[in-house]
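Chain by chain, the residues run as shown.
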Amino acid sequence: DAKTTQPPSMDCAEGRAANLPCNHSTISGNEYVYWYRQIHSQGPQYIIHGLKNNETNEMASLIITEDRKSSTLILPHATLRDTAVYYCIVRGTQGGSEKLVFGKGTKLTVNP
Amino acid sequence: EPEVTQTPSHQVTQMGQEVILRCVPISNHLYFYWYRQILGQKVEFLVSFYNNEISEKSEIFDDQFSVERPDGSNFTLKIRSTKLEDSAMYFCASTGDTYQPQHFGDGTRLSIL
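Residue numbers (the working numbering), protein chains in the order written: chain A, 796 to 907; chain B, 110 to 222.
One chain only, chain A, in its complex shape (with noise of 0.2 Å):
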């Protein structure tokens, strides 16, 4: 099962920021955070990730909290493209399970 617990359904205006938020209560030391996205059928796209400092790229930035038990993607200016489904995924990086668990996410809705 997924070590994440994120809200079925969010809406946002196109121009706004979309703030998607994430809890992994049980994240542990070595455990990184990764955010995908799947847009209708395709496969999902690669966003960010981030251990504990926030980080931002190209896409989006990643806040995470200070005990790293929850996180929020920032969409800082939203499009129409941005519509999707977005997984915040824990997964470790040394030894352990490579994969990817993924949960339902949150289905974001970008709004004219």
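To be clear, the hints were calculated from the coordinates, so they are not data collected in a lab. Please note: incorrect hints may appear among the correct ones.
[Unchecked claim] Pulled a few chain A residues facing chain B out of the computed Cβ check, cut under 10 Å:
1. P802
2. P803
3. C807
4. Y829
5. Y831
6. Q833
7. Y841
8. T867
9. I869
10. Y882
11. F897
[As the list claims (entries may be wrong)] Listed below are the simulated PhoX-like cross-link pairs for lysine-lysine, each with C-alpha atoms no more than 25 Å apart in a straight line:
12. B/K166 with B/K187
13. B/K151 with B/K166
14. B/K151 with A/K902
15. A/K902 with B/K187
16. B/K187 with A/K864
17. B/K166 with A/K798
18. A/K894 with A/K798
19. B/K187 with A/K847
20. A/K798 with A/K864
21. A/K864 with A/K847
22. A/K798 with A/K847
23. B/K166 with A/K894
24. A/K864 with A/K894
25. A/K894 with B/K151
26. B/K187 with A/K798
27. B/K151 with A/K899
[Stated by the list, open to error] A short list of chain A residues far from chain B (calculated; beta carbon distances all over 12 Å):
28. D806
29. N818
30. E893
Think of the CB as a built atom: it goes at the ideal place given N, C-alpha and C, for glycine as much as any other residue.
Given the structure of chain A, go ahead and fit chain B onto it with the hints provided.
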């Protein structure tokens, strides 16, 4: 930007037939994966492959499934004697190292009749 490519995009096969799904991972990647997604359900891990060996497999990956890296560029998933419940999207993924993110192809839609 380099990407994972999968062929065919859609495969229709009669129940009981063998099917081979093909993937070309990103060229310098060393770790390869197959996942599947039954319509309306979660993406599920099937198998991971490194150094010409299976490194991990799920309960779904039973004796009817096999994987192979027949040459330096392709990574294949073979399903022997397909069943109706094998109908799903099959995604290939690759990564350069286990601390790097996995990158996915756009999948093969497998329909078993």
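Now for the hints, and whether the structure bears them out:
no. : hint               : in the structure
1   : P802               : violated (16 Å)
2   : P803               : violated (13 Å)
3   : C807               : violated (23 Å)
4   : Y829               : holds (6 Å)
5   : Y831               : holds (8 Å)
6   : Q833               : holds (7 Å)
7   : Y841               : holds (4 Å)
8   : T867               : violated (19 Å)
9   : I869               : violated (18 Å)
10  : Y882               : holds (8 Å)
11  : F897               : holds (4 Å)
12  : B/K166 with B/K187 : holds (14 Å)
13  : B/K151 with B/K166 : holds (17 Å)
14  : B/K151 with A/K902 : holds (13 Å)
15  : A/K902 with B/K187 : violated (32 Å)
16  : B/K187 with A/K864 : violated (40 Å)
17  : B/K166 with A/K798 : holds (19 Å)
18  : A/K894 with A/K798 : holds (13 Å)
19  : B/K187 with A/K847 : violated (40 Å)
20  : A/K798 with A/K864 : holds (11 Å)
21  : A/K864 with A/K847 : holds (10 Å)
22  : A/K798 with A/K847 : holds (17 Å)
23  : B/K166 with A/K894 : holds (9 Å)
24  : A/K864 with A/K894 : holds (21 Å)
25  : A/K894 with B/K151 : holds (14 Å)
26  : B/K187 with A/K798 : violated (30 Å)
27  : B/K151 with A/K899 : holds (6 Å)
28  : D806               : holds (21 Å)
29  : N818               : holds (18 Å)
30  : E893               : violated (5 Å)
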